[in-house]
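Those protein sequence lines, which keep their order, are chains V and D.
Counting in this note's numbering, the first sequence runs from 42 upward without gaps.
Counting in this note's numbering, the second sequence runs from 42 upward without gaps.
Hints are computed from structural coordinates only; laboratory data are not their basis.
The reader is advised that the hints may include incorrect statements.
If chains are identical, the list can't say which one is meant, so a pair holds when it fits in one copy or spans any two.
[Claimed, not checked] In the EDC-like style, the derived pairs of lysine to aspartate or glutamate whose C-alpha atoms are separated by at most 20 Å in a straight line are:
hint, residue 1, residue 2
1, K401, E426
2, K337, E57
3, K444, D90
4, K275, E200
5, K399, E57
6, K399, E200
7, K399, E463
8, K181, E383
9, K386, E425
10, K144, E459
11, K444, E383
12, K399, E465
13, K275, E465
14, K144, E463
15, K386, D99
16, K251, E425
17, K334, E178
Source: prediction; values computed, not measured.
Protein chains: 2
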Amino acid sequence: MTIRDMLGRSGVVSREDALTSVYEHFVLPDLERETVHISHALGRVAVEDVRSPVDLPDFNRSTVDGYAVSSGDTFGASEAHAAYLPIVADIPMGSLPERDLAKGETMAIATGGALPGGADAVVMFEHTQPVDENHIEVVKPAAPLENVIQIGDDVREGEVLISSGRVLRPQDMAMLAGVGITTVTVFEQPRVAIISTGNEIIPADRRPTKGQVRDVNSYNLEGLITQAGGVPVKKGIIPDEYARLRTIVEESARDCRLLLLTGGSSVGTADLTAKVIDDLGPPGVLVHGVSVKPGKPLIAGLVKAVQGGAPVPVFGLPGHPAAVTVCFDLFVRPLLNRLRGESPKPVLRGRASYSVVKAKLARSVSSTPGREDHVRVVLEEREEELWARPVFGASGLISTLVKADGTVVIPVNEIGIEAEEEVEVRLFR
Amino acid sequence: MTIRDMLGRSGVVSREDALTSVYEHFVLPDLERETVHISHALGRVAVEDVRSPVDLPDFNRSTVDGYAVSSGDTFGASEAHAAYLPIVADIPMGSLPERDLAKGETMAIATGGALPGGADAVVMFEHTQPVDENHIEVVKPAAPLENVIQIGDDVREGEVLISSGRVLRPQDMAMLAGVGITTVTVFEQPRVAIISTGNEIIPADRRPTKGQVRDVNSYNLEGLITQAGGVPVKKGIIPDEYARLRTIVEESARDCRLLLLTGGSSVGTADLTAKVIDDLGPPGVLVHGVSVKPGKPLIAGLVKAVQGGAPVPVFGLPGHPAAVTVCFDLFVRPLLNRLRGESPKPVLRGRASYSVVKAKLARSVSSTPGREDHVRVVLEEREEELWARPVFGASGLISTLVKADGTVVIPVNEIGIEAEEEVEVRLFR
Numbered sequence: 042m043t044i045r046d047m048l049g050r051s052g053v054v055s056r057e058d059a060l061t062s063v064y065e066h067f068v069l070p071d072l073e074r075e076t077v078h079i080s081h082a083l084g085r086v087a088v089e090d091v092r093s094p095v096d097l098p099d100f101n102r103s104t105v106d107g108y109a110v111s112s113g114d115t116f117g118a119s120e121a122h123a124a125y126l127p128i129v130a131d132i133p134m135g136s137l138p139e140r141d142l143a144k145g146e147t148m149a150i151a152t153g154g155a156l157p158g159g160a161d162a163v164v165m166f167e168h169t170q171p172v173d174e175n176h177i178e179v180v181k182p183a184a185p186l187e188n189v190i191q192i193g194d195d196v197r198e199g200e201v202l203i204s205s206g207r208v209l210r211p212q213d214m215a216m217l218a219g220v221g222i223t224t225v226t227v228f229e230q231p232r233v234a235i236i237s238t239g240n241e242i243i244p245a246d247r248r249p250t251k252g253q254v255r256d257v258n259s260y261n262l263e264g265l266i267t268q269a270g271g272v273p274v275k276k277g278i279i280p281d282e283y284a285r286l287r288t289i290v291e292e293s294a295r296d297c298r299l300l301l302l303t304g305g306s307s308v309g310t311a312d313l314t315a316k317v318i319d320d321l322g323p324p325g326v327l328v329h330g331v332s333v334k335p336g337k338p339l340i341a342g343l344v345k346a347v348q349g350g351a352p353v354p355v356f357g358l359p360g361h362p363a364a365v366t367v368c369f370d371l372f373v374r375p376l377l378n379r380l381r382g383e384s385p386k387p388v389l390r391g392r393a394s395y396s397v398v399k400a401k402l403a404r405s406v407s408s409t410p411g412r413e414d415h416v417r418v419v420l421e422e423r424e425e426e427l428w429a430r431p432v433f434g435a436s437g438l439i440s441t442l443v444k445a446d447g448t449v450v451i452p453v454n455e456i457g458i459e460a461e462e463e464v465e466v467r468l469f470r
Numbered sequence: 042m043t044i045r046d047m048l049g050r051s052g053v054v055s056r057e058d059a060l061t062s063v064y065e066h067f068v069l070p071d072l073e074r075e076t077v078h079i080s081h082a083l084g085r086v087a088v089e090d091v092r093s094p095v096d097l098p099d100f101n102r103s104t105v106d107g108y109a110v111s112s113g114d115t116f117g118a119s120e121a122h123a124a125y126l127p128i129v130a131d132i133p134m135g136s137l138p139e140r141d142l143a144k145g146e147t148m149a150i151a152t153g154g155a156l157p158g159g160a161d162a163v164v165m166f167e168h169t170q171p172v173d174e175n176h177i178e179v180v181k182p183a184a185p186l187e188n189v190i191q192i193g194d195d196v197r198e199g200e201v202l203i204s205s206g207r208v209l210r211p212q213d214m215a216m217l218a219g220v221g222i223t224t225v226t227v228f229e230q231p232r233v234a235i236i237s238t239g240n241e242i243i244p245a246d247r248r249p250t251k252g253q254v255r256d257v258n259s260y261n262l263e264g265l266i267t268q269a270g271g272v273p274v275k276k277g278i279i280p281d282e283y284a285r286l287r288t289i290v291e292e293s294a295r296d297c298r299l300l301l302l303t304g305g306s307s308v309g310t311a312d313l314t315a316k317v318i319d320d321l322g323p324p325g326v327l328v329h330g331v332s333v334k335p336g337k338p339l340i341a342g343l344v345k346a347v348q349g350g351a352p353v354p355v356f357g358l359p360g361h362p363a364a365v366t367v368c369f370d371l372f373v374r375p376l377l378n379r380l381r382g383e384s385p386k387p388v389l390r391g392r393a394s395y396s397v398v399k400a401k402l403a404r405s406v407s408s409t410p411g412r413e414d415h416v417r418v419v420l421e422e423r424e425e426e427l428w429a430r431p432v433f434g435a436s437g438l439i440s441t442l443v444k445a446d447g448t449v450v451i452p453v454n455e456i457g458i459e460a461e462e463e464v465e466v467r468l469f470r
């Protein structure tokens, strides 16, 4: 097939339809799991619901600095009629005092201290007055349980602490530590194959001859996959030869959960990618072209994996660096999240997962209706206002992506955004 | 000193004043640097400006699929008066054709292909019509340089690609790869000491006796430090004994860039922390109490490091888990960013570095003027609207922090936020 034969074919679908097509054929594979120490669980995804083996706290705890009392002893206390109590002990942190509190007595207690038997409330220090070294006056009554965290108030034995499918955050590890759980079972980090293609592509450490370009997209993808919690697996640079591309795709489908082909910008590379994916179906290619700019030449589909295994999603990413970034965000990341075992709260699914700042658009940008435009912008400050200046230049330039701080999205049915309109800038991670 | 002696002392400053006090005494230490492969540079901070050793691209490149021409041959071309041109070659990807283009000729070229000598523009495929296998008609003129990226259009030799102090993103590694730079010099990842204190604190894997609690904050901090690009160094759990705490702080100031003390919630722990920091000054303690909730008991200061070294910032974080998270975000993270060598674009400094979603507040929350309130909220969806439901409960509970999806901030001078008002929820990472 010559370049001429390949030119000029296209069929474009919307972003939503592209995702729907892929999800229709996507089957979550049987994910591996491993048990890791909580210190190494950050960002990993919990396999099972984790329940508390204990009540937390397992003693009645003071939430203030003050005096442990039997609340009845303070009823009716006021500045005029203070309750006069002897201080019979200082409660040491980390243990109980040697004896219980008797009626008419008090003990000094610090935040986090354990209430002795006989005490059911804590009077804040500020609501007492010293009389002498061993006596105080309480000038405000304490209700039963006032300033006390009771046994099990934080967590009850058997309560679910961490739900299956949760991405573990710092506080989740703290919670587990708090109830004495120091290991957690998490899903594998999915391996994602990066297959660079295109006769013009050479490794970054080689010197190009005229017409050759160094492989940039595989480095961009390596970073994006890492940020998204996957394990990038570089499969090397494959020339536009059917047999070699097919072999590497088949091999990658056996040892990776998701395949990303990238590199070449030519129609020849794209056609070869599509043919290999199609021949390794069903279903093969599902999407060839999306109404997203940059990103239009996207190819998406699934190939058969090992005998009886779930089909493996494959993306043929456009060769332009900016298109790689946009397509990763819109199409690859959602699938990768599922392959990590993530089941976010439904309410958070699809909500902003990037930092956003508001800015005024520094100049008008036009767009073609029917196409979702992702415009790279640089942030600038003028007269204490934040402005987003569009970075123009072909999506084939990598430098525009490096200069940009983020993107502004022009929705699919808009014809553009006027200068000085307020826009939301999605910051690059 | 007894608990009684310690009770009831406080002096509270605003968040801004607290930060200002610390920055006044902060001196950036002489950071270590290392050279890493770009594949391992994600999230690291560049030491020096990196300049391009080459022009990119280093050949004139087509941005479309179509036909390379000498633009003069297409002047005046239209549907009615098409320019008739013989196709003398298909330009292979990755190399130049064997000969230059002569006047009156064309060559088929794909996106990313190299223009041959004699060609100065590319006619898009869509603006041509095939005549026979070896001839086309051009129906629209191509201006000189149309659809061509010229040598150096992306990057010029000597141009700064990456500025000193930039946190490296996926596209930055791609940019470096594109010009053949495969290693980059980055700053050390600062070691951050986590010192747990408090007589009541025991390791997570030990069973508490009454009054003891497991160390949760060091796990929360371990995660927060890792997310912020530091290296958490756990120094163990230290009882409330002056000599032992002083020794561990001195030791940590020698091998870490930043010290975080955490754990105990009692006034005894807090006083001891303050005394040790003060004795290891000047300047010692600068802040003891901030008008932030949760977070009020924060201690901040700097201690002397090794002879002639920069003073080392120390935070005595409140013992309550929610306060640890809030104080880390407001006070520790900005300093840690500087200790990573980060010099963000001024325009981005202090801008949102977290994901934000808008929601309606599910119930009114009141606040005390003069205090900045960080209210934990759970996100819920009702009738397709997003609602933020405040999670009440003492900041000493870890479970509220785990249930929460993020926080809503009530500014320092507000008395609260009414139910159904729209709020911005800062999502936890």
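A quick look at each hint next to the structure:
Taking the shortest alpha-carbon separations for K401 and E426, only the intra-copy value of 8 Å comes in at or below 20 Å, while the best inter-copy value is 27 Å. Taking identical chains as interchangeable, the C-alpha atoms of K337 and E57 lie at most 20 Å apart only when both belong to the same chain, with a minimum of 14 Å there against 47 Å between chains. For a Cα distance limit of 20 Å, the shortest separation of K444 from D90 across copies, 14 Å, qualifies, whereas the shortest one inside one copy, 44 Å, does not. Taking CA atoms no more than 20 Å apart as the test, K275 paired with E200 passes in neither setting, with 43 Å inside one copy and 29 Å between copies.
In this homomeric assembly, K399 and E57 never come within 20 Å of each other (Cα to Cα): the closest approach is 26 Å inside a single copy and 23 Å across copies. In this homomeric assembly, K399 and E200 never come within 20 Å of each other (Cα to Cα): the closest approach is 41 Å inside a single copy and 30 Å across copies. Taking identical chains as interchangeable, the C-alpha atoms of K399 and E463 lie at most 20 Å apart whether they share a chain (7 Å) or sit on different chains (16 Å). Taking the closest pair of Cα atoms, K181 and E383 never come within 20 Å of each other, the shortest separation being 51 Å inside a single copy and 52 Å across copies.
Taking the closest pair of Cα atoms, K386 and E425 come within 20 Å of each other only across two copies (14 Å); inside a single copy the shortest separation is 38 Å, beyond that limit. Neither within a single protomer nor between protomers do K144 and E459 lie at most 20 Å apart by alpha-carbon distance, with minima of 75 Å and 44 Å respectively. Within a single copy, K444 and E383 get their C-alpha atoms only as close as 32 Å, which misses the 20 Å cut-off; across copies the closest is 17 Å, which meets it. With identical chains, the CA atoms of K399 and E465 are at most 20 Å apart both within one copy (5 Å) and between copies (13 Å).
For the homomeric pair K275 and E465, neither the shortest alpha-carbon distance inside one copy (34 Å) nor that between copies (40 Å) is at most 20 Å. Taking the shortest alpha-carbon separations for K144 and E463, neither the intra-copy value of 66 Å nor the inter-copy value of 50 Å comes in at or below 20 Å. For the identical chains of this complex, K386 and D99 are neighbours neither inside a copy (30 Å) nor across copies (49 Å), given an alpha-carbon limit of 20 Å. Taking the shortest alpha-carbon separations for K251 and E425, neither the intra-copy value of 47 Å nor the inter-copy value of 56 Å comes in at or below 20 Å.
Taking the shortest Cα distances, K334 and E178 never come within 20 Å of each other, neither inside one copy (74 Å) nor across copies (29 Å).
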